[in-house]
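K.L.:
Top line first, the protein sequences correspond to chains A and B. Numbered by my numbering, the letters in the first sequence go through residues 1 to 310 in order. Numbered by my numbering, the letters in the second sequence go through residues 1001 to 1262 in order.
If you are wondering where the hints come from, they were derived from the structure by calculation, not from laboratory data. Worth double-checking, as some hints may not be accurate.
No farther apart than 16 angstroms at their CA atoms in a straight line, the calculated lysine to aspartate or glutamate pairs in the EDC-like style are these [said to hold, decoys possible]:
{"#": "1", "chain 1": "B", "residue 1": "K1027", "chain 2": "A", "residue 2": "E83"}
{"#": "2", "chain 1": "B", "residue 1": "K1036", "chain 2": "A", "residue 2": "D135"}
{"#": "3", "chain 1": "B", "residue 1": "K1036", "chain 2": "A", "residue 2": "D222"}
{"#": "4", "chain 1": "B", "residue 1": "K1037", "chain 2": "A", "residue 2": "D135"}
{"#": "5", "chain 1": "B", "residue 1": "K1093", "chain 2": "A", "residue 2": "D221"}
{"#": "6", "chain 1": "B", "residue 1": "K1027", "chain 2": "A", "residue 2": "E165"}
{"#": "7", "chain 1": "B", "residue 1": "K1037", "chain 2": "A", "residue 2": "E220"}
{"#": "8", "chain 1": "B", "residue 1": "K1030", "chain 2": "A", "residue 2": "D34"}
{"#": "9", "chain 1": "A", "residue 1": "K8", "chain 2": "A", "residue 2": "E193"}
{"#": "10", "chain 1": "B", "residue 1": "K1037", "chain 2": "A", "residue 2": "D219"}
Beta-carbon label-pair distances, calculated as ranges [to be verified]:
{"#": "11", "chain 1": "B", "residue 1": "L1200", "chain 2": "A", "residue 2": "T266", "range": "15 to 23 angstroms"}
{"#": "12", "chain 1": "B", "residue 1": "S1225", "chain 2": "A", "residue 2": "T266", "range": "51 to 59 angstroms"}
{"#": "13", "chain 1": "A", "residue 1": "K89", "chain 2": "B", "residue 2": "P1104", "range": "38 to 46 angstroms"}
Listing some non-contacts, in silico: residues in chain B with all C-beta distances to chain A over 12 angstroms [unchecked claim]:
{"#": "14", "residue": "S1052"}
{"#": "15", "residue": "V1053"}
{"#": "16", "residue": "E1076"}
{"#": "17", "residue": "M1088"}
{"#": "18", "residue": "I1089"}
{"#": "19", "residue": "Q1106"}
{"#": "20", "residue": "P1178"}
{"#": "21", "residue": "S1208"}
{"#": "22", "residue": "R1222"}
{"#": "23", "residue": "E1229"}
{"#": "24", "residue": "G1246"}
All figures in this text were calculated on a predicted structure; none of them were measured in a lab. Even glycine gets a Cβ: it sits at the ideal position worked out from N, Cα and C.
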Amino acid sequence: MNKTSTIKQTRLPAKAGVGLKGEHYQDICETSPDIGWFEVHPENYMGAGGAPHHYLTKIRENYPLSLHGVGLSIGGSLPPSEEHLTRVKELVDRYQPESFSEHLAWSSHESGFFNDLLPLPLTEETCQTVSEHIDLIQETLGQKLLLENPSTYVGFEREDFTEIEFLREIVKRTGCGLLLDVNNVYVSCTNHERSPEGYIKNFPMEAVGEIHLGGHAPDEDDLGNPLLIDAHDRKVVEDVWALYDQAISQKGPVATLIEWDNDVPTWDVLFSEAQLAEEVLQKYESQTSSTNASGKESDLKEPILKEQVA
Amino acid sequence: MSEWSKLQSSVSNALANLEVEVPTGIKLLKDGVVPKKRFSVYRNNVTLSLISVLASTYPVVEEIVGEDFFATMAREFALTHLPQSPVMINYGKEFPDFLKTFAPVQELPYLSEVAQIEWHRNTAYHGANATPVTIAALGEFSEEDVPNLEFEFHPTVSLIKSKYPIVTIWQAHQQENPSEFLKGLNMDEGEAALIIRPELDVLINQVSMGTFEFLQSLYKGRSFSLSVEQAIAIEPSFDIPANLAGLFNLGAVTGVNLVRSA
């Protein structure tokens, strides 16, 4: 089932990037900031023309790009919509992104699209359907998919896998990579009373092609226990920075995104948040080089393939 | 039907129907407590995100009725009109029609038509790019051919007419203090507009009723002479050169073709 031989495997630079927001188009075009890369939701660029394509085209000329889908509903029982997959394919062909990622979640069912990333039980059955959906997407796009670990607020009565076991199995079956969202780790582990450090420690870092960092909102559940909500509307908290440091110490430097989708701040605030991630990357960049120099094995085993520019 | 498919259907149903209980299959909390509050995070995400999509497409409607009431109205719409695709820039087309029948806003009969301006503005913003021609394109035809010319319009053009002053209302809500701007407005005076996005910005251009008839006739593919007749029928002082110049200056025409007389 592993068809990665025909799949393009480009990679984002091991630098900090940010989610591209319409509010910042002009700042970016006017100042050409020193930032590693940008990420967009392809769903926001599915109009025929106008400002979104105008600015994305300009920005893409100067920066690496990641398309981060929210609409393929990989975790659903139904296959991804053929129509939607075609639209994504058109954008992949047009913008030739270094990376394409999606979520271990579902967003559509028979009655429609819910505009949220909804949870699925991790069972033998869903492991099979998720694998089939990823196979279809990778074959259609001709590009490797990075699958993101979710933020969840509820669990299911019957599950066959832990999240990490499930993700490992999906990687094995489909050859896809993983997008490690460190904020989601913190949110889900807090919500389900698990250890976020333990989660990061056991995460299959060899499959990680990108990391996400973002802010969350604190709340309480029905029993008065902490319930964190993945809101992407504020700065990254200290605990998440600490987990990120742990992840990079295990993995080595890898493309890292600041995700800030709601209550979008000024460009300067977003940029300085990305600088904090860049500092962590550089700290481990120098350590990695000194480790390599001393002859120890590096964590970075995969060759970095250069992007094919059309 | 597979086990997951069945469970997914009941979760879907519970997301869009607030009276429906948390579905069986969702893990209970300690001591068998049903995680109502936890499940409601998903319900809130679904409704709040759709309300936010509608608010960004319909900011003037939101300003007219106020943020809280807009949220109530948009929630009602969202729960009965779930998106049928993940492309949120296309979501909310039916919202103006929904406003026509939504009982609490019946004393604002213009609201639905102001919403129409906002919907057309949204579609123009994301519409296809095209290169307009200048008025010089007319010079390629002899004088006797001009009556038989047909015009091709920019793909982002739309035309809208109302028996209420909807363009003035829309414009007022682009100002700091709309009520100041709207003082003394005659609510029985109808207005029309041509909406277009020639470059990156959408323009909402108020036009006279004569111009509206002229443009709508041309837009439907009728000839220049027939369209002028329609305009003059309702606006005897209709100024042909000024209207032609205005139309080309906006970048609204992408081609002019001679159609041999029918």
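K.L.:
Holds or violated: is the Cβ of B/E1076 farther than 12 angstroms from all Cβ atoms of chain A?
P.N.:
Non-interface label stands for B/E1076: nearest chain A Cβ at 16 angstroms, farther than 12 angstroms.
K.L.:
Quick one: work out the minimum CB distance from B/M1088 to chain A and report holds if it exceeds 12 angstroms, violated otherwise.
P.N.:
6 angstroms, violated
K.L.:
Regarding the assertion that B/G1246 does not contact chain A, is the least Cβ-Cβ distance greater than 12 angstroms?
P.N.:
23 angstroms, holds
K.L.:
Just checking, B/I1089 versus chain A, shortest CB gap more than 12 angstroms?
P.N.:
5 angstroms, violated
K.L.:
Beyond 12 angstroms from chain A, beta-carbon-wise, is B/R1222?
P.N.:
26 angstroms, holds
K.L.:
Holds or violated: is the Cβ of B/V1053 farther than 12 angstroms from all Cβ atoms of chain A?
P.N.:
7 angstroms, violated
K.L.:
For B/P1178, is the shortest CB-to-CB distance to chain A above 12 angstroms, so the non-interface label stands?
P.N.:
24 angstroms, holds
K.L.:
Check whether the Cα positions of B/K1037 and A/D135 lie no farther apart than 16 angstroms.
P.N.:
36 angstroms, violated
K.L.:
Test the statement that B/S1052 is away from the interface with chain A: the closest C-beta pair must be farther apart than 12 angstroms.
P.N.:
Contrary to the label, B/S1052 does not stay out of reach of chain A, its closest Cβ about 8 angstroms off (not over 12 angstroms).
K.L.:
Keeping to a limit of 16 angstroms between CA atoms, is the pair of B/K1027 and A/E83 held or broken?
P.N.:
It is violated: about 34 angstroms lies between the C-alpha atoms, which goes past 16 angstroms.
K.L.:
Does B/K1036 pair with A/D135 here, judged by a C-alpha cut-off of 16 angstroms?
P.N.:
Violated, at roughly 35 angstroms.
K.L.:
When you take the CB atoms of B/L1200 and A/T266, is the distance between them in 15 to 23 angstroms?
P.N.:
Given range 15 to 23 angstroms: holds, Cβ gap about 21 angstroms.
The earlier numbered hints that this structure contradicts are 1, 2, 4, 5, 6, 8, 9, 14, 15, 17 and 18.
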